[in-house]
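Peer 1: With the hints as extra help, turn the sequences into a complete structure.
Protein chains: 2
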Amino acid sequence: MIFIDACFGRATSHTPVWFMRQAGRYLSEYRATRARAKDFLGLCKNPELACEVTLQPIDILDVDAAILFSDILVIPLEMGLGLGFYEGEGPRFAQTVRSESDLSHLQPQAFTRTNYVYETLAKTRAKLPQDKALIGFCGAPWTLATYMIEGESSKQFAHSKHMLYANPSTLKKLLAILCEELKNYLSMQASAGANALMIFDSWAGALAPAAYLEFGWQPICEIADFLRAKHPEIPLIVFPKGVGAFLEMLTGNFAVLGIDWGIPMAKARKLVGERFVLQGNLEPATLYDANAMEQGAHEILRAMNGQPFIFNLGHGMLPDLPRENAQKLVEIVHKGLA
Amino acid sequence: MIFIDACFGRATSHTPVWFMRQAGRYLSEYRATRARAKDFLGLCKNPELACEVTLQPIDILDVDAAILFSDILVIPLEMGLGLGFYEGEGPRFAQTVRSESDLSHLQPQAFTRTNYVYETLAKTRAKLPQDKALIGFCGAPWTLATYMIEGESSKQFAHSKHMLYANPSTLKKLLAILCEELKNYLSMQASAGANALMIFDSWAGALAPAAYLEFGWQPICEIADFLRAKHPEIPLIVFPKGVGAFLEMLTGNFAVLGIDWGIPMAKARKLVGERFVLQGNLEPATLYDANAMEQGAHEILRAMNGQPFIFNLGHGMLPDLPRENAQKLVEIVHKGLA
Numbered sequence: 002m003i004f005i006d007a008c009f010g011r012a013t014s015h016t017p018v019w020f021m022r023q024a025g026r027y028l029s030e031y032r033a034t035r036a037r038a039k040d041f042l043g044l045c046k047n048p049e050l051a052c053e054v055t056l057q058p059i060d061i062l063d064v065d066a067a068i069l070f071s072d073i074l075v076i077p078l079e080m081g082l083g084l085g086f087y088e089g090e091g092p093r094f095a096q097t098v099r100s101e102s103d104l105s106h107l108q109p110q111a112f113t114r115t116n117y118v119y120e121t122l123a124k125t126r127a128k129l130p131q132d133k134a135l136i137g138f139c140g141a142p143w144t145l146a147t148y149m150i151e152g153e154s155s156k157q158f159a160h161s162k163h164m165l166y167a168n169p170s171t172l173k174k175l176l177a178i179l180c181e182e183l184k185n186y187l188s189m190q191a192s193a194g195a196n197a198l199m200i201f202d203s204w205a206g207a208l209a210p211a212a213y214l215e216f217g218w219q220p221i222c223e224i225a226d227f228l229r230a231k232h233p234e235i236p237l238i239v240f241p242k243g244v245g246a247f248l249e250m251l252t253g254n255f256a257v258l259g260i261d262w263g264i265p266m267a268k269a270r271k272l273v274g275e276r277f278v279l280q281g282n283l284e285p286a287t288l289y290d291a292n293a294m295e296q297g298a299h300e301i302l303r304a305m306n307g308q309p310f311i312f313n314l315g316h317g318m319l320p321d322l323p324r325e326n327a328q329k330l331v332e333i334v335h336k337g338l339a
Numbered sequence: 002m003i004f005i006d007a008c009f010g011r012a013t014s015h016t017p018v019w020f021m022r023q024a025g026r027y028l029s030e031y032r033a034t035r036a037r038a039k040d041f042l043g044l045c046k047n048p049e050l051a052c053e054v055t056l057q058p059i060d061i062l063d064v065d066a067a068i069l070f071s072d073i074l075v076i077p078l079e080m081g082l083g084l085g086f087y088e089g090e091g092p093r094f095a096q097t098v099r100s101e102s103d104l105s106h107l108q109p110q111a112f113t114r115t116n117y118v119y120e121t122l123a124k125t126r127a128k129l130p131q132d133k134a135l136i137g138f139c140g141a142p143w144t145l146a147t148y149m150i151e152g153e154s155s156k157q158f159a160h161s162k163h164m165l166y167a168n169p170s171t172l173k174k175l176l177a178i179l180c181e182e183l184k185n186y187l188s189m190q191a192s193a194g195a196n197a198l199m200i201f202d203s204w205a206g207a208l209a210p211a212a213y214l215e216f217g218w219q220p221i222c223e224i225a226d227f228l229r230a231k232h233p234e235i236p237l238i239v240f241p242k243g244v245g246a247f248l249e250m251l252t253g254n255f256a257v258l259g260i261d262w263g264i265p266m267a268k269a270r271k272l273v274g275e276r277f278v279l280q281g282n283l284e285p286a287t288l289y290d291a292n293a294m295e296q297g298a299h300e301i302l303r304a305m306n307g308q309p310f311i312f313n314l315g316h317g318m319l320p321d322l323p324r325e326n327a328q329k330l331v332e333i334v335h336k337g338l339a
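Same order as they appear, the protein sequences are chains A and B.
So the first sequence is numbered by the numbering used here: it starts at 2 and just counts up by one.
So the second sequence is numbered by the numbering used here: it starts at 2 and just counts up by one.
Hints are not guaranteed to be accurate.
Across the chosen pairs, the derived CB separations fall in these ranges [claimed, not checked]:
#1 Gln131/B - Lys174/A: 48 to 58 Å
#2 Ser100/A - Glu325/B: 15 to 25 Å
#3 Glu249/A - Asp63/B: 34 to 44 Å
#4 Gln157/B - Asp60/A: 20 to 30 Å
Covered stretches of chain A (in silico footprint by chain B; criterion: 3 or more residues with CB under 8 Å from a CB of chain B, positions within the stretch not fixed) [claimed, not checked]:
#5 165-178
#6 262-276
These are calculated hints, taken from the structure and not from any lab test.
None of the values given here were measured: they were computed from a predicted structure.
Even glycine gets a Cβ: it sits at the ideal position worked out from N, Cα and C.
Peer 2: Following this line, the structure appears as structure tokens:
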């Protein structure tokens, strides 16, 4: 698989490309499948339907990898926090974790209750063409912790940061619990058929550099060490969003570093391109305009020319982007520079 | 004034310090004054009360500068967009600007309808001790444009980015209109008694580097050139939040660059500390814990030791931070390193 070769830094015939949130509302096929599920969580928990939407971008866009359709919050959900997704509001948990005693209410071994995820992966891998890779994923411990502590999406992360600075030992215990869950969760995903694994740290940029390295990055590195030893054939991709200001401080036992659109790709390459294969980083909003998109894509391809590289957006696909541009973008990347 | 000396890079007897949002809900005195106004906008528009809250942090914390109590959105408000602040939701405009024709509905010369701001500055300057500086401010064109285009706070900035990539000439016209308003607005603030001026680009980090330089930074530099020529004695501070990943690309005709908590201060100093006096950048959440706060403050003081510097938080004061810690932080900075 070209995608896996690129993850391990091996030469490939073209630059592989996929998009974060490539299965999503900008595709009418997605909206049609979504309408057959009770709600968003119902879609995640139905392997038949989840497999269907996972495969759609392969058929429609011809991307080089499919990514499991699921949500990073299924692990906290299965820890018993009572998760709901509310239209126009995002996720909300019925219970939060704000004190040491709240930790004891968390139901252990959540990863044993996510069979719907493993089934989706197995079904999808069976249907995927041999040359297309299947990516499994999870949320990073820090990002999951913020949702569990705040109870919902947050702008200020006041409760999480209060815990971090005023009660760091409680946060460390929560992160350790999540670490154990995620090691097993990703390992089970690999066994179920994932060819690559990705850790999304969506709220990495919510922390100051020193705090992030200690509370965000260290747990990720622990998970990476575990997976590298247990599944050496499965490349691990880490995507810490919003850390461009201290990218050079990130080291770890993984193959690919995902770069967001906040830093020029040429600079990211200079800072860490020798340590990791890079993946990224076109600003998704350029897809509103075919010319802006093409210009941005070519700039990235020029910056990464001659290095192993995986093309992606610098963040998830937006719900109102024109699908023709997503299709065209795959063609542009596969064609490469003249 | 020690604060002004530091802005211009002159030696000072101690490191000056003030805090973004130093007049705010974490102070019971603020909440008391706020209760006497009809609503948040009523407080901004009442020079008597706005002067009162502007002065409170001087009395309570002994900071070296007071900053005008107002809101960046008064300029779009006075352009006729119909602004309301809604509890727990933030600001919302009745009208938005999403097309070329919407531009023609903007009422020109908004800066002539903000006498309440100039009166607040004059009143405050008259009451401030001679050694304390008074800072006037405005929002940067890009940040104001996002509110005018989205109509409210945003996470994705979908409408703004759609305009930027698909219809850049309309965005440029809007930014040019805002630029003219803000030049006059800040100049009038200087004439009314402000000793320093600050431009807040709160949503700088919402744009990819190349887009920010063109649509965010260029208009700020234009305002800076104008003010430098017209008011050479008034230092200009620019605070582009979230641009740590490309800080070295920022040049311009201003005295002080505000640094957010997303980048280590030592790194910011290395990247741009010779070009500008720096201001920043303690993570506000460290104030939840006195030890974390002191450790963070000392680290910043060590990083900036021997360079002209203004101590500040890396973002605004949070509403639930303990006031005793804010007081203690001023003492720590004034005392300096042992």
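Peer 1: Give a verdict on every hint.
Peer 2: Results of checking the hints against the structure:
no. : hint                            : verdict
1   : Gln131/B - Lys174/A: 48 to 58 Å : holds (53 Å)
2   : Ser100/A - Glu325/B: 15 to 25 Å : holds (23 Å)
3   : Glu249/A - Asp63/B: 34 to 44 Å  : holds (38 Å)
4   : Gln157/B - Asp60/A: 20 to 30 Å  : holds (27 Å)
5   : 165-178                         : holds (count 3)
6   : 262-276                         : holds (count 5)
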